[in-house]
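Undergrad: Whenever a hint applies, use it, and build me the whole structure from the sequences.
Protein chains: 4
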Amino acid sequence: MADHSHPARPAVLGQNQYGKAENRVVKITRDGATHHVKDLNVSVSLSGDMEEVHYSGSNAHVLPTDTTKNTVYAFAKEYGIESAEQFGIHLARHFVTSQEPIRRARIRIEEYAWQRIGTSGEGAHSFVREGRETRLAQITYDGGTWEVVSGLKDLVVMNSTDSEFWGYVKDKYTTLPEAHDRILATEVSGRWRFNWTEDAREMPDWEKSYEQIRKHLLQAFADTYSLSLQQTLYEMGARIIEHRDEIDEVRFSLPNKHHFLVDLEPFGLKNDNEVYLAADRPYGLIEATVLRDGCEARIPVDLTNL
Amino acid sequence: MADHSHPARPAVLGQNQYGKAENRVVKITRDGATHHVKDLNVSVSLSGDMEEVHYSGSNAHVLPTDTTKNTVYAFAKEYGIESAEQFGIHLARHFVTSQEPIRRARIRIEEYAWQRIGTSGEGAHSFVREGRETRLAQITYDGGTWEVVSGLKDLVVMNSTDSEFWGYVKDKYTTLPEAHDRILATEVSGRWRFNWTEDAREMPDWEKSYEQIRKHLLQAFADTYSLSLQQTLYEMGARIIEHRDEIDEVRFSLPNKHHFLVDLEPFGLKNDNEVYLAADRPYGLIEATVLRDGCEARIPVDLTNL
Amino acid sequence: MADHSHPARPAVLGQNQYGKAENRVVKITRDGATHHVKDLNVSVSLSGDMEEVHYSGSNAHVLPTDTTKNTVYAFAKEYGIESAEQFGIHLARHFVTSQEPIRRARIRIEEYAWQRIGTSGEGAHSFVREGRETRLAQITYDGGTWEVVSGLKDLVVMNSTDSEFWGYVKDKYTTLPEAHDRILATEVSGRWRFNWTEDAREMPDWEKSYEQIRKHLLQAFADTYSLSLQQTLYEMGARIIEHRDEIDEVRFSLPNKHHFLVDLEPFGLKNDNEVYLAADRPYGLIEATVLRDGCEARIPVDLTNL
Amino acid sequence: MADHSHPARPAVLGQNQYGKAENRVVKITRDGATHHVKDLNVSVSLSGDMEEVHYSGSNAHVLPTDTTKNTVYAFAKEYGIESAEQFGIHLARHFVTSQEPIRRARIRIEEYAWQRIGTSGEGAHSFVREGRETRLAQITYDGGTWEVVSGLKDLVVMNSTDSEFWGYVKDKYTTLPEAHDRILATEVSGRWRFNWTEDAREMPDWEKSYEQIRKHLLQAFADTYSLSLQQTLYEMGARIIEHRDEIDEVRFSLPNKHHFLVDLEPFGLKNDNEVYLAADRPYGLIEATVLRDGCEARIPVDLTNL
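Residue numbers (our numbering), protein chains in the order written: chain P, 662 to 967; chain V, 662 to 967; chain G, 662 to 967; chain L, 662 to 967.
To be clear, the hints were calculated from the coordinates, so they are not data collected in a lab.
Mixed in with the good hints there might be a few duds.
For identical chains, the list gives no copy identity; a pair is met inside one copy or between any two copies.
With a straight-line Cα cutoff of 30 angstroms, these simulated BS3-like cross-link-like pairs (lysine-lysine) come out [stated by the list, open to error]:
#1 LYS738 x LYS833
#2 LYS876 x LYS833
#3 LYS869 x LYS831
#4 LYS931 x LYS688
#5 LYS814 x LYS833
#6 LYS738 x LYS918
#7 LYS814 x LYS831
Since the model is a prediction, treat every value here as computed from it, not as a measurement.
TA: And the structure:
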């Protein structure tokens with residue numbers, strides 16, 4: 662990445678990327694009086710031969726971010742939105758194959774789910790937004806190899822029992838009493854990487870994969886008698902790896918949403934695991950990757966929101 | 662409200678209130694291996710004979726906000742949480758009747774709903790947080806009369822057709838083209854006031870009332886062929902008034918979440934009500950009260966978040 | 662407000678208002694190479710003869726919210742933005758006097774301040790946004806009388822000593838120890854009402870008034886040896902009333918941003934008012950109005966964000 | 662990272678870390694009647710020999726996150742808070758050197774600045790929170806080598822002229838007109854890596870370094886006549902590299918906060934670069950690393966908030 666055309670430059674350009682972020686696109690598909698909705702937030706990020714625009718301000722290699730926005734909306738019409746992943750694949754392929762200076766495209770998508778509102782009439786075009794989680798997809802393409810990482814965030818779960826925490830290290834700063842029956846609650850942020858990487862191979866069923874992975878991680882959370890949030894995290898990841906052949910890697914970032922048992926003794930009351938204070942900050946933060954044995958880790962250690 | 666003990670004071674105290682806000686209380690009720698959750702955010706606000714604490718800093722009439730917090734947690738144990746409204750009634754009655762200087766108590770509650778995660782085992786103590794809306798309750802008591810206003814916020818709804826907007830006033834600043842088929846979407850913030858005001862009368866079934874009102878407002882939103890968001894708002898309120906005898910007043914604040922049809926003609930594409938840009942700001946904001954005929958309006962014009 | 666044209670309607674329309682909210686307008690004024698910035702978020706809310714649009718969906722009296730948006734931007738050019746208050750007065754007058762069905766206009770404005778970045782060149786057109794507080798203005802006009810309420814929010818202040826809290830009521834739920842030296846911190850949300858109400862009277866100097874009131878409330882916060890946050894609140898309001906003749910009423914909403922002294926004794930350390938935990942929720946919430954003696958209160962009890 | 666003690670495990674543990682996040686610590690230092698404030702948000706993240714807690718739930722190697730929280734508060738007393746970086750170095754060294762299973766500690770700190778409120782008295786213990794930006798520091802230690810990355814976020818800047826954008830690639834989805842005088846505004850998120858890595862070398866002056874880098878990046882933003890935001894970004898990074906020997910790498914994430922010139926022609930008005938609409942989403946997002954020639958990039962491509 663050294664800059665031969667500008668000798669004696671003490672500061673050189675490293676990794677760089679650009680594009681239009683957070684394009685909010687809503688696609689309505691009409692099947693007679695029955696409508697279907699896809700509601701996405703699409704962020705485009707392009708990399709390639711972009712030294713000049715940084716060094717001299719020449720935009721000769723720069724496809725405007727405004728154009729990347731237009732392309733998102735045009736593709737919603739041209740290709741439809743079968744799934745977030747499929748839509749991202751169309752976009753990434755387009756940018757890399759249509760513009761010579763662009764060598765890599767990364768498309769990030771948030772998807773918001775909608776439920777139907779049942780009506781007395783025959784039409785089906787009324788919806789209420791599900792708020793339970795935000796679905797995520799990230800598609801990266803370099804002209805040869807695909808990387809698809811899907812996931813979710815904002816999924817809040819709780820076990821009101823079957824969680825303990827004891828047997829830990831005690832140093833001079835340790836005051837925490839051991840717990841043999843506590844609430845375990847977290848807001849799941851998870852990402853999973855598909856092993857589909859080549860056009861020559863058949864694509865996964867993206868919609869079914871999401872639905873199944875979501876089901877497995879919820880089941881693993883609920884089924885695990887937990888001795889630590891780390892153990893629960895591992896079980897959630899392992900469950901996905903074991904049941905979904907299309908996934909090689911899972912990463913979770915799990916804040917331990919502390920629920921403190923309130924001391925009611927000063928008021929002459931016994932709190933038998935009934936009344937809790939739900940705390941905001943600070944919170945434990947447990948993060949880990951779970952890999953299919955023999956596979957390499959590629960999901961970054963720090964998950965980002967978009 | 663004039664202050665006779667401090668003559669010649671140019672600045673006098675007006676309405677005032679105080680208390681602990683946003684006490685996050687989670688109550689687990691164990692019915693064998695089946696657990697039930699109530700998850701509330703409770704804010705206490707007390708008024709009364711509080712001139713001295715403002716004028717001189719004397720706290721002789723002040724029950725500390727810390728004590729109001731403790732009371733919330735103690736009452737969750739002592740009375741349980743049958744509903745947000747019932748819980749607020751216990752708290753408001755306590756503050757007004759146990760402390761002579763306190764003449765009025767207002768309890769505001771946000772409630773977060775949880776769904777069960779089905780598991781293979783026999784236990785039922787795993788939950789995923791519903792994110793669809795936040796339920797609200799406000800209970801005010803002055804020692805004689807009750808006022809209960811319930812509601813919700815964050816409920817996002819959309820009709821993908823059956824909405825028009827035309828025939829409006831055009832002045833020299835008007836450029837908007839008329840629309841004969843548009844998306845109508847809003848994030849409902851609503852409040853409804855119960856006509857239950859006296860202990861002597863039987864209380865409404867708070868849980869059933871909420872569930873039914875939520876159903877009616879969603880149905881009215883979905884069923885109304887809309888010529889303006891104002892019309893839809895009125896229909897939502899009127900439906901509640903007509904079907905729920907316990908309610909005398911409804912107020913809605915409805916942001917018009919604009920979905921702009923994207924112009925795809927520059928790309929040689931026809932956008933037949935398919936591809937929309939979901940905009941953030943600015944947004945139309947439609948607010949109104951709907952009253953049972955003959956009843957008085959008491960819900961403030963500006964709805965607040967808590 | 663009864664609806665004579667629709668007999669037998671069980672649900673009638675009450676107070677209502679509509680308009681475009683959160684129009685973000687930035688006005689650059691060029692004085693040679695020296696530029697000046699005004700950065701506002703303007704919300705328009707109109708009321709009047711609007712029954713039909715609610716009852717039948719007829720928009721014959723409705724100036725579109727899109728038009729109110731256009732008017733904001735056009736007026737930024739036509740009148741400039743001398744101050745938020747003056748700009749709101751132009752807008753409110755226009756809506757009420759130009760459209761017969763509109764009987765009242767309320768303009769709410771947030772203003773964001775910018776500081777200059779000093780440069781070596783002669784130009785002065787680089788700015789960094791001040792983040793310290795958001796300035797607020799609300800202008801209401803009914804065709805005859807003006808009401809101007811200005812204010813601020815997001816102003817975080819702290820006294821690291823000269824605050825006590827003791828001598829309060831103790832009931833069975835009280836566990837709080839008395840404090841004789843504590844941190845007092847709050848995030849000020851304040852509103853002040855001007856006694857200018859008629860075109861015939863000279864307007865206040867809106868910019869100078871804001872600057873002076875901000876100075877007085879900060880001074881009063883810093884100067885008051887506090888026995889309770891209520892006392893500090895009153896002193897802040899009284900200082901404004903005493904020093905600023907143009908103001909008749911002040912209301913504050915002051916969250917008590919608790920800073921808890923951390924117990925370091927388990928680690929063999931003495932915490933001599935040095936190390937504090939800054940807590941989020943719950944928080945005490947102290948709200949009150951301070952009035953010029955003999956004046957009436959008009960600012961609503963619950964302050965809203967916009 | 663393969664797990665030899667659990668043969669035939671299809672899902673293996675990868676990178677993992679844990680700790681208490683967002684410990685809000687406020688340190689008051691009293692110099693007679695003059696007080697000094699440090700206000701930090703400290704997040705601890707530990708890694709090491711942690712396989713068992715994930716695989717079996719054994720906490721034998723786990724120092725509780727609650728203990729890491731206690732340590733933050735105890736160290737604020739024991740060492741004071743000279744700077745965020747110095748405080749993080751004390752913490753990281755402690756965790757790695759005192760607990761055998763812990764091989765790496767990463768401390769992330771947000772710092773909030775406070776300004777004095779001048780008072781008439783002799784004391785100096787009243788403060789107003791600066792809101793202009795959040796200072797960041799990340800300290801990582803593995804028992805041998807230090808990595809310190811400092812930075813800031815939330816710094817909003819604007820040039821009201823001296824910005825152009827033209828000469829870019831035009832494809833079939835390009836509709837953007839070229840601009841020869843536009844507003845350039847962004848919210849700077851930046852990180853810079855120090856070349857100090859060993860205890861044997863003298864540490865930088867962390868406070869002075871921050872102040873100087875902040876000054877240089879603001880100056881570079883203001884001084885650059887911009888042909889693209891990429892060029893401005895590079896100039897900001899290069900200015901730091903050129904003037905601050907202690908820094909080898911800088912990364913910026915710069916959202917292009919679009920200010921659209923409003924079309925006022927429909928209203929018979931000419932908008933001569935005066936009235937702009939400040940847009941929210943979508944936004945261009947420009948991200949790049951600037952390196953001292955010959956140095957390696959280590960700051961992750963995606964900056965995270967904490």
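Undergrad: Just pull the numbers of the violated hints for me, sorted ascending.
TA: The structure breaks hints 2, 3, 5 and 7; every other hint is satisfied.
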